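Numbering (our numbering), first residue to last: 1 to 297.
Just so you know, these hints were derived from the structure itself, not from any lab.
From a predicted model like this one, the values you see are computed outputs, not experimental measurements.
Honestly, I wouldn't trust all of these hints.
To be verified - Once the Cα atoms are required to be at most 30 Å apart in a straight line, the calculated BS3-like pairs of lysine-lysine come out as:
| no. | residue 1 | residue 2 |
| --- | --- | --- |
| 1 | Lys266 | Lys176 |
| 2 | Lys131 | Lys200 |
| 3 | Lys189 | Lys131 |
| 4 | Lys202 | Lys189 |
Unchecked claim - Have a look at the derived ranges for each label pair, beta carbon to beta carbon:
| no. | residue 1 | residue 2 | range |
| --- | --- | --- | --- |
| 5 | Gln242 | Val148 | 19 to 27 Å |
| 6 | Tyr17 | Ser99 | 17 to 25 Å |
| 7 | Glu20 | Asp221 | 39 to 47 Å |
| 8 | Pro96 | Glu68 | 26 to 34 Å |
| 9 | Gln133 | Ala64 | 22 to 30 Å |
| 10 | Lys249 | Arg287 | 50 to 58 Å |
| 11 | Pro41 | Ser192 | 19 to 27 Å |
C-beta atoms are modelled at their ideal positions from N, C-alpha and C, and glycine is treated no differently.
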Amino acid sequence: MNFSELPASKVWAPLRYKGESFAEVWFKPEGQPFALTFRIPQTSFQIPGMDQLLTTENLLKAVAIPAEEVESWGYGDASHSGTHVSHPEMRQPLTPLPSDVTHLNVYIHLKPPSQAVVPLERHEPEIPFAKWQGLEARWNTLLGLEVVIDTLRLRMEGLRGEMETALNKSLAGDEKVHAMNADVAQWNKAKSRGRYVLPKVKEFIHRATWAMGAPERKKLDELFKNHTRPQILVSQFDRVHQEIEHLFKDRQILSAQGVTSYQDCKSSLADIQGALRTLQSNAQRKRVAARAKGKSF
Numbered sequence: 001m002n003f004s005e006l007p008a009s010k011v012w013a014p015l016r017y018k019g020e021s022f023a024e025v026w027f028k029p030e031g032q033p034f035a036l037t038f039r040i041p042q043t044s045f046q047i048p049g050m051d052q053l054l055t056t057e058n059l060l061k062a063v064a065i066p067a068e069e070v071e072s073w074g075y076g077d078a079s080h081s082g083t084h085v086s087h088p089e090m091r092q093p094l095t096p097l098p099s100d101v102t103h104l105n106v107y108i109h110l111k112p113p114s115q116a117v118v119p120l121e122r123h124e125p126e127i128p129f130a131k132w133q134g135l136e137a138r139w140n141t142l143l144g145l146e147v148v149i150d151t152l153r154l155r156m157e158g159l160r161g162e163m164e165t166a167l168n169k170s171l172a173g174d175e176k177v178h179a180m181n182a183d184v185a186q187w188n189k190a191k192s193r194g195r196y197v198l199p200k201v202k203e204f205i206h207r208a209t210w211a212m213g214a215p216e217r218k219k220l221d222e223l224f225k226n227h228t229r230p231q232i233l234v235s236q237f238d239r240v241h242q243e244i245e246h247l248f249k250d251r252q253i254l255s256a257q258g259v260t261s262y263q264d265c266k267s268s269l270a271d272i273q274g275a276l277r278t279l280q281s282n283a284q285r286k287r288v289a290a291r292a293k294g295k296s297f
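Can you build the whole structure from these sequences, using the hints too?
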């Protein structure tokens, strides 16, 4: 079956090797008609010999998609697109996951069917100017939503750095000796929540970066860069309109995810920092009291 004829996934579908599930796939995530996502659990990298088989090319083979149909792909902080896509890179084993990440997501964008504007023919009229204005207005609204997403991304880049610093913070020698058990427990509890929130922040940053370079988005951007109205036929209008709506829905979902992740991360970071301040303050008072008691003897 042609990829364009596949229905969008509603649940993750397992991929199996010798009867064992090693990854999952999701077709056309969140309205992206030429995309799919693979999700590989941490445990798959620990299966003897599996780490060498986990390549982008093998994942595509598992769902019967030729590597030649890929326009761009990426995972973690790495991405490849356009002329950077090469078969040797696709054959390289995927980088193993850090210990604090439960799944590795591999994002694939396929080459869409030819979307070149068909030359204007006499028997098919160009779309009315008012209709073009409506389409252009919708595109500008989408661009405004992308500004919001990019602003969230920049803020979360800073928050991610602060969170990683807070999670890696160690107590000084005196603090370890005088810290109260209840304070240490509260601090560790706050850090546990931070370790749960941080992967979501990284996921949003990656998706926000990827979204701006999606092939279908680049083609629409080229279309609307012209200051004059391009020659779009009536038969093409519905397709262009549908592509914009797909992107708009995706950006709405991504924006909502970003707001939630940002608020969760900011709240979690505040809890960690607050718990640490309380711990340090109580440890300092306990240390001073111990010294005063020693002098009295």
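Inset, instruction - Find the hints from earlier in the document that the structure breaks and name them by number, from lowest to highest. - result: The structure breaks hints 2, 3 and 9; every other hint is satisfied.
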